[in-house]
Structure formats: C-alpha cells, structure tokens
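Can you build the whole structure from these sequences, using the hints too?
There are 2 protein chains.
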Amino acid sequence: MKKQVPLNKAKWLVEPGCVVLVTSGTMQKPNVMTFSWQTPVNSADPCLILLAISHLRYSYDLIRQNRQLVINVPGQELLEQVHFIGQVSGRKIDKFKETGLTPIPAKTVEPPLIKECAGHLECKVVEIFKMQTHDLLICKVVRAEAEPELFAGRWIPEKFRTLHYLGGNKYGVLERTTEARGTNNGHGNSLTRVCL
Amino acid sequence: MKKQVPLNKAKWLVEPGCVVLVTSGTMQKPNVMTFSWQTPVNSADPCLILLAISHLRYSYDLIRQNRQLVINVPGQELLEQVHFIGQVSGRKIDKFKETGLTPIPAKTVEPPLIKECAGHLECKVVEIFKMQTHDLLICKVVRAEAEPELFAGRWIPEKFRTLHYLGGNKYGVLERTTEARGTNNGHGNSLTRVCL
Chain A
1 MKKQVPLNKA KWLVEPGCVV LVTSGTMQKP NVMTFSWQTP VNSADPCLIL LAISHLRYSY
61 DLIRQNRQLV INVPGQELLE QVHFIGQVSG RKIDKFKETG LTPIPAKTVE PPLIKECAGH
121 LECKVVEIFK MQTHDLLICK VVRAEAEPEL FAGRWIPEKF RTLHYLGGNK YGVLERTTEA
181 RGTNNGHGNS LTRVCL
Chain B
1 MKKQVPLNKA KWLVEPGCVV LVTSGTMQKP NVMTFSWQTP VNSADPCLIL LAISHLRYSY
61 DLIRQNRQLV INVPGQELLE QVHFIGQVSG RKIDKFKETG LTPIPAKTVE PPLIKECAGH
121 LECKVVEIFK MQTHDLLICK VVRAEAEPEL FAGRWIPEKF RTLHYLGGNK YGVLERTTEA
181 RGTNNGHGNS LTRVCL
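Protein chains in written order, with this note's numbering: chain A, 1 to 196; chain B, 1 to 196.
Everything labelled a hint here was simulated from the structure, so no lab data went into it. Check the hints yourself; a few may be wrong.
When chains are identical, the list treats them as one kind, so a pair holds in a single copy or across two.
In silico DSS-like pairs for lysine-lysine, Cα to Cα no more than 27 Å straight-line [claimed, not checked]: (1) Lys107 x Lys9; (2) Lys170 x Lys159; (3) Lys140 x Lys130; (4) Lys170 x Lys140; (5) Lys170 x Lys2; (6) Lys3 x Lys115; (7) Lys9 x Lys170; (8) Lys3 x Lys159; (9) Lys92 x Lys115; (10) Lys3 x Lys170; (11) Lys9 x Lys140; (12) Lys140 x Lys107.
This is the structure in structure tokens:
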C-alpha cells in the first residue's frame, strides 16, 4: 500500500527525469497525457515542479478550469499504455477506458490518481509563465505518496524501472544504481542546491 | 570526431532527463556546474531548453555577464567528476583544474565545451522568468554536436550511458532501450507535441 511522502522529499519522484503520466479534469471526466517536459524548480517550502505544456493540448483546457493536476510515475510495465497515451488526444477518446488504467480519487485535488503508477504528486498550479507555443506551469505539490518498497526517499532502480524518452517509440529503462565515491553532503539535497 | 546535430534534433540530447554539465564564463575563466533541473520547452525553430537556476550560484553570476552557456552531456565514465563538480563552488576553486576535464573553444559562444562529454548544446539565454529562489533561463540552442557513434538522432543507451540523479551520491544509469509495439508517429516528435 502506498504511503505518504513528506513534501520536502516529493521532488525525488521526478528528479531523475523520467516520463510521467499527468492527469487532469475530475474523477467524473478525467484525462491523462504522457509527459517528459518537467523539472523541479524548488526543492521544498514549497516543492514546485514546472511543466512546459503546449497551448494546443486538451489537458491544458482541463487544467485551466480547476488549475489542478496529478503527476503519476509509471514503471516499465506500463510501457504500452504510456506510449499509446502519448499518441492520441483525450478530445476524441477516453484514454482510461482504452488503456484499462484505473482512476482513483486523490486526497486534495479533483483529478484522479492512476492506481497502477508507483507514485503520485497532487499539484495546484500557482503561477503560469506565458511563452509562444508552450506555457510554463508552476505546480505546487500539496500531497505526495509512493510505494514504500520502491521509493525510499529515492527510487530504487533495481526494484522500480522508470522510463526515459529517447524518441519515436524508443524509451530508455533506468534499472541500475551507481554511487560516486566522493563525499555525500548528507542532506539529500539536489545538485542544483549544492553546487554554486 | 563529433559531428554537428541539426537544431531540430538538438533537444534529444537532453530529453531523457539526464544529468548535464553546464559551462559558463569564457575560455580564459570558465566555470562548470552539475545540473539536472532542465527540460526542453520548444522542439525547434527555435530549439529552447529551460534551466532552473538558483540565484546564489556563481555560474549564474557568470551567465548574467554574457548570457551564454553550454550544456554538455557526460556519460557514466565521468561519474566522479560529475559528483565532485556538484559538491563545490567555482568561487573557491578551478573545477576544470581539479577534475582534469578539458575546456575547448565553442564555435558560437564564449563558454567552453568539455572535451570528455559526448554532446554539446551551445546556447544563448533569450528570456529570464524570475522566481523567488530560482530563475528560469530560456536558452536558445544555436549549435549542437555529438559523437555520431553514440547519438543517432537519439542517444543509444547500449553504447552511451547517461546518468540520472537519484539523490545523495546515487545516480541511475540508463543502459537499455525498450520499444513500444504501438505505432510510431514517424516524425520523431516529442510526446509533448503529439499527445493533446
């Protein structure tokens, strides 16, 4: 059973740069998109994740309505669903129905979690920076949870394999950890916080 | 020998979410930082990469001076250098000297390339969005190059293993490709461009 992740550890669900499934809308009328253009932009107090989203997306229409979304982290076993969701528009089909993925209620926002994913970030959009083709959504994480056997303050690639988009129908699979011998700063901080 | 990558393919050097080494300053006085808070924000015409950078960073002082930087992509063999560079500030030490990495002149910008990296994006900062602790630098890629044996319009994980930051001194290693059976859209487009 998934357990809540402290908000100051939430960004580690997406820091490795994995493909995610972003849900929008409501439990009654949800949509889901495959996404790899995201990055943390603040570690904690608050934890902020940026999504760069095309103006044309149906999901963006839904996000504009309640300014809420959920970032769900799929593993390799969801490869076919991830790719399919990346190829079709929710304007035309019900992607949950087509893929068999299961929407379940989030605790703090209207869009659903995807039951089959190993971690979830429930988010509220707190700021939008406008660009020509894409907007930058600054998303405040309000609740996070993950499978404790797969996420111990960080993903464990030997147990949970994230997908990383290479192009076309190809994805890289993260399945091995390596450790630098150099000193660990002990705080679990992001590189972007440590190195000046 | 590295070969030029067309600008409409440049974003594939960073799309998988790998750790990068960002160089700033000049050939005479360069700095380098380890970075994982980046994402493409426009595929082509122009290719734009966003970096979320802390106000406190020495590299940001340098970037403010000429509004130029280079995104270099290291492989697993540079793990110790990547981690060390992420732990120390260029205000205090010469990170090139300490790590033995080799700065070589870029073609279009003042900051150097890192010879030991497999790919490079020469960038000019075209817009800055201000945030409380980090700023969002919108970087236009003006020239890209990569090792043709390792990058064939996409990285080949079986030949070139990118690093993905997990936290502390731990990194995930991307070393295997998987392919979705579903139809490829044939354009090599980003998921974020395809799925609405």
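Exercise for review: With 27 Å as the alpha-carbon cut-off, assign the pair Lys9 and Lys170 to within, between, both or neither.
Suggested key: Classified as between: cross-chain Cα gap 15 Å, same-chain 30 Å, threshold 27 Å.
Review point. Taking 27 Å as the upper bound on the Cα-Cα distance, should Lys3 and Lys159 be classified as within, between, both, or neither?
Key: within (17 Å within a copy, 37 Å between copies)
Point to revise | Lys140 and Lys130: within-copy, between-copy, both or neither at 27 Å Cα | key: both (18 Å within a copy, 16 Å between copies)
Practice item. Have a look at Lys3 and Lys170 and pick one of within, between, both or neither, based on CA distance no larger than 27 Å. Key: Only across copies: Lys3 and Lys170 sit 23 Å apart there, 31 Å inside one copy, limit 27 Å.
Point to revise | Intra- versus inter-copy proximity for Lys115 and Lys3 (alpha-carbon distance at most 27 Å) | key: Answer is within; shortest intra-copy Cα gap is 13 Å, inter-copy 44 Å.
Check your understanding: Between the shortest in-copy and the shortest cross-copy C-alpha distance, which are at most 27 Å for Lys170 and Lys140: within, between, both, or neither?
Key -> Between copies, since 26 Å is at most 27 Å while 31 Å is not.
Review point. How do Lys170 and Lys2 come out at 27 Å by Cα distance, when the copy is not named: within, between, both, or neither?
Key: between (29 Å within a copy, 23 Å between copies)
Point to revise | Homomeric proximity label, Lys170 with Lys159: Cα distance no greater than 27 Å | key: For Lys170 and Lys159, both the intra-copy (21 Å) and inter-copy (15 Å) Cα distances are at most 27 Å.
Review point. Between the shortest in-copy and the shortest cross-copy C-alpha distance, which are at most 27 Å for Lys9 and Lys140: within, between, both, or neither?
Key: within (13 Å within a copy, 31 Å between copies)
Check your understanding: Given a CA cutoff of 27 Å, do Lys92 and Lys115 count as a within-copy pair, a between-copy pair, both, or neither?
Key -> within (23 Å within a copy, 48 Å between copies)
Check your understanding: Taking 27 Å as the upper bound on the Cα-Cα distance, should Lys107 and Lys9 be classified as within, between, both, or neither?
Key -> Within one copy only: 18 Å inside, 40 Å across.
Practice item. If the cutoff is 27 Å on CA atoms, where do Lys140 and Lys107 land: within, between, both or neither? Let me know, please. Key: within (15 Å within a copy, 39 Å between copies)
Checked against the numbered hints given earlier, the structure satisfies every one of them.
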